[in-house]
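A.B. asks: Sequence:
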Amino acid sequence: MRNIDLSPLYRSFIGSDHLASLVDAAARSEKQNTYPPYNIELLSDDKYRVTMAIAGFSKDDVSIQVEENTLTITGNKKADSNEKNERKYLHKGISERNFERKFQLGDHVKVLAADMENGLLHIDMERVIPDAKKPRTIEIGSKLIEN
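FYI, the numbering used here numbers position 79 of the sequence shown as 79, with every residue one higher than the one before it.
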């Protein structure tokens with residue numbers, strides 16, 4: 001793995017201490033498996049959708065968890081012993097293996113809903129910036145006293 005020197009960025013950006021952790025998280029995500037395939041859509045300026053192709057999985061086989069800006073989607077296919085003994089495949093192209101996919105969420109991104117339709121899992125998200133974090137105009141000559 002390459003070592004990246006971020007010191008030039010620290011001279012230009014104020015408060016970007018967590019930038020190194022984001023680069024580290026991106027490097028870790030490159031090692032992830034490519035199964036299952038997914039899309040990330042931009043629905044509007046602050047709305048996103050992740051769509052995963054998880055054919056063969058039911059709602060009970062999939063769990064979605066958000067913890068500290070990490071969205072984790074896990075699929076555990078429950079093996080039915082009777083079904084495996086009865087079926088003999090000439091070609092098996094539909095993978096039903098277990099998976100875990102992680103996504104790093106940006107600051108203030110909230111998961112709104114999840115839905116499964118026609119073998120596709122849709123997860124809707126929105127960036128909700130609190131009023132305290134939104135840009136504000138400071139007039140020259142004004143005095144702002146904060147508690």
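Derived from the structure by calculation, the hints contain no laboratory data.
Remember, predicted model here, so these are calculated numbers, not experimental data.
Errors might be hidden in some of the hints.
[Claimed, not checked] The calculated lysine to aspartate or glutamate pairs, modelled on EDC-like cross-linking and capped at a C-alpha distance of 20 Å, are:
#	residue 1	residue 2
1	102	131
2	59	107
3	133	117
4	77	45
5	77	126
6	77	107
7	102	124
8	102	139
9	102	86
10	134	45
[Stated by the list, open to error] Simulated restraints, written as ranges between beta carbons of each label pair:
#	residue 1	residue 2	range
11	108	53	26 to 36 Å
12	34	143	54 to 64 Å
13	88	65	34 to 44 Å
14	135	91	49 to 59 Å
15	118	78	14 to 24 Å
Heads up, the beta-carbon is just placed ideally off N, CA and C, and yes, glycines get one too.
A.B. asks: Against this structure, judge whether each hint is valid.
C.D. replies: Each hint, compared with the structure:
| no. | hint | in the structure |
| --- | --- | --- |
| 1 | 102 - 131 | violated (29 Å) |
| 2 | 59 - 107 | violated (28 Å) |
| 3 | 133 - 117 | violated (36 Å) |
| 4 | 77 - 45 | violated (36 Å) |
| 5 | 77 - 126 | violated (29 Å) |
| 6 | 77 - 107 | violated (32 Å) |
| 7 | 102 - 124 | holds (15 Å) |
| 8 | 102 - 139 | violated (43 Å) |
| 9 | 102 - 86 | violated (35 Å) |
| 10 | 134 - 45 | holds (15 Å) |
| 11 | 108 - 53: 26 to 36 Å | holds (28 Å) |
| 12 | 34 - 143: 54 to 64 Å | holds (56 Å) |
| 13 | 88 - 65: 34 to 44 Å | holds (37 Å) |
| 14 | 135 - 91: 49 to 59 Å | holds (57 Å) |
| 15 | 118 - 78: 14 to 24 Å | holds (21 Å) |
Of the numbered hints given earlier, the model fails hints 1, 2, 3, 4, 5, 6, 8 and 9; all others are met.
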